[in-house]
Each structure stands twice: as C-alpha cells, then as structure tokens.
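There are 2 protein chains.
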Amino acid sequence: MSQWNQVQQLETKFLEQIDQIYDDKFPMEVRHLLAQWIENQDWESAYNNEPMAAILLQNLLIKLDEHFDRVSQEKNLLLIHNLKRIRKLLQGKYQNNPMHIAVVVSNSLREERRVLASANMPLQGPLEKSLQN
Amino acid sequence: MSQWNQVQQLETKFLEQIDQIYDDKFPMEVRHLLAQWIENQDWESAYNNEPMAAILLQNLLIKLDEHFDRVSQEKNLLLIHNLKRIRKLLQGKYQNNPMHIAVVVSNSLREERRVLASANMPLQGPLEKSLQN
Chain U
1 MSQWNQVQQL ETKFLEQIDQ IYDDKFPMEV RHLLAQWIEN QDWESAYNNE PMAAILLQNL
61 LIKLDEHFDR VSQEKNLLLI HNLKRIRKLL QGKYQNNPMH IAVVVSNSLR EERRVLASAN
121 MPLQGPLEKS LQN
Chain P
1 MSQWNQVQQL ETKFLEQIDQ IYDDKFPMEV RHLLAQWIEN QDWESAYNNE PMAAILLQNL
61 LIKLDEHFDR VSQEKNLLLI HNLKRIRKLL QGKYQNNPMH IAVVVSNSLR EERRVLASAN
121 MPLQGPLEKS LQN
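As they're listed, the protein sequences go chains U and P.
First residue of the first sequence? That's 1 in the numbering used here, and the numbers climb one at a time after it.
First residue of the second sequence? That's 1 in the numbering used here, and the numbers climb one at a time after it.
I should point out that these hints are in silico values taken from the structure, not numbers from a laboratory.
The reader is advised that the hints may include incorrect statements.
[As the list claims (entries may be wrong)] Each pair of labels, with its calculated beta carbon distance range: (1) D69/U to Q58/P: 39 to 45 Å; (2) D42/U to R70/P: 37 to 43 Å; (3) Q73/U to A117/P: 24 to 30 Å; (4) Q91/U to Q73/P: 33 to 39 Å; (5) E44/U to N49/P: 54 to 60 Å; (6) N97/U to D42/P: 45 to 51 Å; (7) T12/U to A119/P: 19 to 25 Å.
Every residue, glycine too, gets a C-beta built ideally from N, C-alpha and C.
So that you can see chain U by itself, here it is in the shape it has in the complex:
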C-alpha cells in the first residue's frame, strides 16, 4: 500500500494536518495522481544534485503529460483544465531551480510520515525502512 493510501485512511483530525502540507508549491493533485511514482523517487539525494533534480522534474512533467493525454482522450474537461494549470505552475516555479522541488516534495513526504506516526499508523512497504534510518 502506498504511503498516500495510508494517509487517506487517517482520521479527520489528522487529515487536517495533511491538508496543510499542500499548496501551489506542491499541488495535492500531483501527490494524488502520481502517488506511488513520487514515493519511489529519491528526492533527498536530489537536494544538492542539480542534474539529478532536473531529471526528476522532467520525469514528473512527463508523468503529468501521460495523465494529460489520458484525460484529453476521455475529454474530461475539468481534469484537462486542472492538469494544464498545474503543469504551467510547476514549470514556472521549478524549471530554473529544480533542486527546490526536490526539497519541497521530500519535506512533504516526511511531514506525511510524521502525521502517520503521530496517529500510530504503522508504516508499510519500503518507506518504513527509510523512516527507520
């Protein structure tokens, strides 16, 4: 189970803490749509490694484009609109400073794990290990 799936099972008072982690720096749609992929990337190593961060950002945008193609085929107007907005937002914010998105995503994932831990939600999968380190 992805960390994001675990997050969604939290009680309301903890969900309110999760809610505050996300804004236009890292839109919750992105976290939701690319949940498992995001968790599988090494954002922390990209903190101080600009080429690596640039590749992560590029791959993130490619993943969003794949979703965009899907919702375009389905003619899902609202999702098309939101994905366009988000893509433009992320590109504008991070194209010239990809290390910044690595910091933002990494911090958001760490914050989620802190909330899960405070809710006594046992961590599952590969992230359990990374938290224990």
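Dock chain P against the given chain U, drawing on the hints supplied.
Here is chain P on its own, set in the frame of chain U:
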C-alpha cells in the same frame, strides 16, 4: 440538459476555447460542481444590485459548504483540499465586492453560449430563450 453538460460534449477545438474562460476568478470546479444551480440564478440582474449580488455570493458559498460537508463525510482528501482553497479564494476576492462575481459568472456563461453557438450546438432548455432575447 444543463448548458454545462452541453459544453462537455463539444469537440476538442471548442473545448480549448472553454478552457480559457476559467481561472481563479471563477474556478472551473465551481462551474462543474454547481452547474445547474449557477445556470438558474439571475447573475445579470445582480450586475448593478449590490444586495442581490451579496445574496448570490452568500448562496454560492452555502452551496459549496454543502459539497464540503459531503466530501468531508466521504473523507475525500483531495476534494476537501480543493474546496477549502476555492472557498477561501472566492471569499477573499468577492466578499467586499460581490457585484464583481456577478459580472464574472455572467460573462463566463455568455462566453460558453457563444462557443456552443459557434460549434452549431443547438441550445436546450431555459437558456435557449435567454440567448434568443
């Protein structure tokens, strides 16, 4: 059938024109969630009538709150997050100038009808009449 339902059946090249009508002044989520209710209100009369515009804005926020209660019960984290953001946005933008939202909504609906007409999509329901006037 609501005008919004008709809009969603447009071909891609016309959907791109619809896409450009919506931004944070009138988020597409609001248009989508409250489609029929929005179409049933008299936004044009609220152009120059501040008490009427204030009531329309107030009712719009109440409608959003009803959706918020629903998605909160369902614990739909992403929709809760988006609705919170949108409510805050609309309140911040229009609380002190409710006539402005009447202009924005009314213009958006008119723009949609223009696109529908250019796509030769026959207008249905009560809006057909208002367009013919």
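Hint by hint, here is what the structure shows:
Between D69/U and Q58/P the CB atoms are about 40 Å apart, so this pair conforms to the stated range of 39 to 45 Å. At about 38 Å, the beta-carbon gap between D42/U and R70/P stays in the expected band of 37 to 43 Å. Checked against the given bound of 24 to 30 Å, the beta carbons of Q73/U and A117/P, roughly 26 Å apart, stay inside it. Range check, Q91/U to Q73/P: Cβ separation about 36 Å, and the 33 to 39 Å hint holds.
For E44/U paired with N49/P, a C-beta distance near 56 Å keeps the hint of 54 to 60 Å intact. For N97/U and D42/P, the hinted distance range of 45 to 51 Å is satisfied, since their beta carbons lie about 48 Å from each other. The hinted window of 19 to 25 Å between T12/U and A119/P is violated, with their beta carbons roughly 44 Å apart.
Violation of the numbered hints given earlier is confined to hint 7; every other hint is satisfied by the structure.
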